[in-house]
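Trainee: Sequence:
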Amino acid sequence: MTDQLAVACQDASTITFFTTDTWEPTTVLDVVAQPHELLFDHDRRLLLCSHAYRSGFYGDFTERAHEISLIDPDTHQVVDVIDVPHAPHGLALKDNLLHVSVEASEHEEGGIVVVDLDKRKVVDRFDVHAGGPHWVTLNGDKAYTSNKEARFVTSVDLGTKATERIEVPGSEGIASDGRRYVYVSTPVLGAQGVDRGVRVIDTEVDRVVRILPTEEYPMPVHVTGDLVLVGENSLSGNGFLSVFRDFERVARIEVGRFPLTLESSPDGRVAYVSNLMSGTVSIVDLAGLAVVKELDLATPGTAGPHGLAYLS
Numbered sequence: 041m042t043d044q045l046a047v048a049c050q051d052a053s054t055i056t057f058f059t060t061d062t063w064e065p066t067t068v069l070d071v072v073a074q075p076h077e078l079l080f081d082h083d084r085r086l087l088l089c090s091h092a093y094r095s096g097f098y099g100d101f102t103e104r105a106h107e108i109s110l111i112d113p114d115t116h117q118v119v120d121v122i123d124v125p126h127a128p129h130g131l132a133l134k135d136n137l138l139h140v141s142v143e144a145s146e147h148e149e150g151g152i153v154v155v156d157l158d159k160r161k162v163v164d165r166f167d168v169h170a171g172g173p174h175w176v177t178l179n180g181d182k183a184y185t186s187n188k189e190a191r192f193v194t195s196v197d198l199g200t201k202a203t204e205r206i207e208v209p210g211s212e213g214i215a216s217d218g219r220r221y222v223y224v225s226t227p228v229l230g231a232q233g234v235d236r237g238v239r240v241i242d243t244e245v246d247r248v249v250r251i252l253p254t255e256e257y258p259m260p261v262h263v264t265g266d267l268v269l270v271g272e273n274s275l276s277g278n279g280f281l282s283v284f285r286d287f288e289r290v291a292r293i294e295v296g297r298f299p300l301t302l303e304s305s306p307d308g309r310v311a312y313v314s315n316l317m318s319g320t321v322s323i324v325d326l327a328g329l330a331v332v333k334e335l336d337l338a339t340p341g342t343a344g345p346h347g348l349a350y351l352s
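Going by our numbering, the sequence shown opens with residue 41, and the numbers climb by one from there.
Hints in this document: simulated from the structure, not taken from any laboratory. All of these numbers come straight from a predicted model, not from anything done at the bench. Treat the hints loosely; a few may be bogus.
Unchecked claim - Derived SDA-like pairs (lysine to any residue); straight-line CA-CA distance at most 25 angstroms:
hint: 1; residue 1: K333; residue 2: N278
hint: 2; residue 1: K182; residue 2: G277
hint: 3; residue 1: K134; residue 2: E146
hint: 4; residue 1: K161; residue 2: E148
hint: 5; residue 1: K182; residue 2: A144
hint: 6; residue 1: K134; residue 2: D242
hint: 7; residue 1: K182; residue 2: Q232
hint: 8; residue 1: K134; residue 2: E64
hint: 9; residue 1: K134; residue 2: R94
hint: 10; residue 1: K333; residue 2: D242
hint: 11; residue 1: K201; residue 2: D181
hint: 12; residue 1: K182; residue 2: D286
hint: 13; residue 1: K333; residue 2: L133
hint: 14; residue 1: K161; residue 2: A202
hint: 15; residue 1: K159; residue 2: V71
hint: 16; residue 1: K159; residue 2: D123
hint: 17; residue 1: K159; residue 2: V245
hint: 18; residue 1: K182; residue 2: H82
hint: 19; residue 1: K134; residue 2: F101
hint: 20; residue 1: K333; residue 2: T62
hint: 21; residue 1: K182; residue 2: P306
hint: 22; residue 1: K134; residue 2: V245
hint: 23; residue 1: K134; residue 2: K182
hint: 24; residue 1: K134; residue 2: Q117
hint: 25; residue 1: K159; residue 2: V72
hint: 26; residue 1: K134; residue 2: K159
hint: 27; residue 1: K134; residue 2: D123
hint: 28; residue 1: K182; residue 2: Y221
hint: 29; residue 1: K161; residue 2: D81
hint: 30; residue 1: K182; residue 2: E64
hint: 31; residue 1: K182; residue 2: R250
hint: 32; residue 1: K333; residue 2: E64
hint: 33; residue 1: K333; residue 2: D266
hint: 34; residue 1: K134; residue 2: D100
hint: 35; residue 1: K333; residue 2: R289
hint: 36; residue 1: K161; residue 2: V121
hint: 37; residue 1: K161; residue 2: F192
hint: 38; residue 1: K182; residue 2: L157
Model the full structure from these sequences, guided by the hints.
Mentor: Pasting the structure below:
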């Protein structure tokens, strides 16, 4: 079966499926408002989607949402919806357990809820001692959350539930290389008087050991093979995709406005950048280090493409 790229569009409350051979859209699926992040569970052949708000965005929303949609990637149908608390955002998978970062409510701190995908219910929770954990990544037996305005990343031991605070000047996207390092975009978007860049956390000691500098505000970060990909947000124009290898930048490629999520093909040859405010997805050849195609999904200026998932 032909590989697909799934793209969640926030304001439209849709997920669009593209075939990767022709880049023709095959299905536009209506889902619960508003789809945020996507993750493909290859073992169960399920596309997972978090829904954070009914409308609006972080810091300016009408009502928090509380669902994870489970979607069949072959029939393009929603097969189940799992209820979770407090504005779910980031998604990370370990075996049959889905780890979801959730915002604080009036009664609980922000944290990570754990969903058993076989039982399709919430089975555990970890507090991260921050109000707005957004992205979550796993590295070995630990989870890490980026916490927006809070001046720390939270490290959580999945066995003991013990937490550590790793000092950063606010944070956005976060990703693990699955080995030694976790990469976190800092500071929070719009912060002044702080050096912009990706802090590199050594997971053996849970502290920042170096910074990958960026000109604009880094937001999404993604690791594929030996590359670290970083979406840079400008407050006044188009964004950029910075490509790092061995802690050195090898390319800076212009993409659309407000790059928000990054994905890559399984072979690491192609990157995908969702440009929220341009209404596009940029397809980037990581060998040639250039944009080779733009997918149009939404009217520029609206909250358009958000989460991405490569389906193989």
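Trainee: Look at each hint and say if it fits the structure.
Mentor: Cross-check of the supplied hints:
1. Simply put, K333 and N278 have alpha-carbon atoms about 16 angstroms apart, close enough for the 25 angstroms limit, and the pair holds.
2. Taking the CA atoms of K182 and G277, the gap is near 37 angstroms; set against the 25 angstroms cutoff, the hint is violated.
3. Distance check on the hinted pair: K134 and E146 sit about 29 angstroms apart at the alpha-carbon level, beyond 25 angstroms; violated.
4. About 19 angstroms separates the Cα atoms of K161 and E148, which keeps this hinted pair within 25 angstroms; it holds.
5. Among the hinted pairs, K182 with A144 is consistent with the structure: their alpha-carbon atoms are about 21 angstroms apart, no more than 25 angstroms.
6. A hinted pair counts as satisfied when its Cα atoms are at most 25 angstroms apart, and K134 with D242 qualifies at roughly 20 angstroms.
7. Distance hint between K182 and Q232 is unfulfilled; the C-alpha atoms sit about 31 angstroms from each other, more than 25 angstroms.
8. At roughly 32 angstroms between alpha-carbon atoms, K134 and E64 are farther apart than 25 angstroms, so this suggested pair is violated.
9. Restraint check: the Cα-Cα separation between K134 and R94 comes to about 28 angstroms, which exceeds 25 angstroms; the hinted pair is violated.
10. The suggested pairing of K333 with D242 is violated, with an alpha-carbon distance near 35 angstroms, which exceeds 25 angstroms.
11. The hinted pair formed by K201 and D181 meets the criterion: a straight-line CA distance of about 10 angstroms does not exceed 25 angstroms.
12. This hinted pair checks out: K182 and D286 have alpha carbons roughly 24 angstroms apart, not beyond 25 angstroms.
13. Simply put, K333 and L133 have alpha-carbon atoms about 30 angstroms apart, too far for the 25 angstroms limit, and the pair is violated.
14. For the hint linking K161 to A202, the alpha-carbon distance of about 23 angstroms falls within 25 angstroms, and the restraint holds.
15. Only pairs whose Cα atoms come within 25 angstroms are accepted, and K159 paired with V71 is accepted, the gap being roughly 22 angstroms.
16. About 13 angstroms separates the Cα atoms of K159 and D123, which keeps this hinted pair within 25 angstroms; it holds.
17. Our distance criterion of 25 angstroms between C-alpha atoms is broken by K159 and V245, whose separation comes to about 35 angstroms.
18. Distance check on the hinted pair: K182 and H82 sit about 22 angstroms apart at the alpha-carbon level, within 25 angstroms; holds.
19. With a C-alpha separation of about 31 angstroms, the suggested pair K134 and F101 falls outside the 25 angstroms cut-off, and the hint is violated.
20. The hinted pair formed by K333 and T62 meets the criterion: a straight-line CA distance of about 11 angstroms does not exceed 25 angstroms.
21. A C-alpha spacing of about 24 angstroms is found between K182 and P306, which places the hinted pair at or below 25 angstroms, so the restraint holds.
22. Annotation: proposed proximity of K134 to V245 holds, straight-line Cα distance about 22 angstroms (limit 25 angstroms).
23. With a C-alpha separation of about 11 angstroms, the suggested pair K134 and K182 falls inside the 25 angstroms cut-off, and the hint holds.
24. At most 25 angstroms may separate the alpha-carbon atoms for a hinted pair to count; K134 and Q117 meet this at roughly 24 angstroms.
25. Taking the CA atoms of K159 and V72, the gap is about 21 angstroms. The hint holds against a cut of 25 angstroms.
26. Of the supplied pair hints, the one linking K134 and K159 holds, its CA atoms being roughly 15 angstroms apart against a limit of 25 angstroms.
27. Simply put, K134 and D123 have alpha-carbon atoms about 19 angstroms apart, close enough for the 25 angstroms limit, and the pair holds.
28. Distance check on the hinted pair: K182 and Y221 sit about 12 angstroms apart at the alpha-carbon level, within 25 angstroms; holds.
29. For the given pair, K161 sits about 16 angstroms from D81 by alpha-carbon distance, which is consistent with the 25 angstroms threshold.
30. Taking the CA atoms of K182 and E64, the gap is near 39 angstroms; set against the 25 angstroms cutoff, the hint is violated.
31. Between K182 and R250 the alpha-carbon distance is near 20 angstroms, which keeps this suggested pair within the 25 angstroms criterion.
32. This hinted pair checks out: K333 and E64 have alpha carbons roughly 12 angstroms apart, not beyond 25 angstroms.
33. For the proposed pair K333 and D266, the alpha carbon gap of about 23 angstroms is at most 25 angstroms, so the pair holds.
34. The hinted pair formed by K134 and D100 fails the criterion: a straight-line CA distance of about 32 angstroms is larger than 25 angstroms.
35. As the CA atoms of K333 and R289 are separated by approximately 23 angstroms, the hinted pair is consistent with the 25 angstroms bound.
36. Taking the CA atoms of K161 and V121, the gap is about 10 angstroms. The hint holds against a cut of 25 angstroms.
37. About 29 angstroms separates the Cα atoms of K161 and F192, which puts this hinted pair outside 25 angstroms; it is violated.
38. Pair hint K182 plus L157 holds up; C-alpha atoms about 19 angstroms apart against a cutoff of 25 angstroms.
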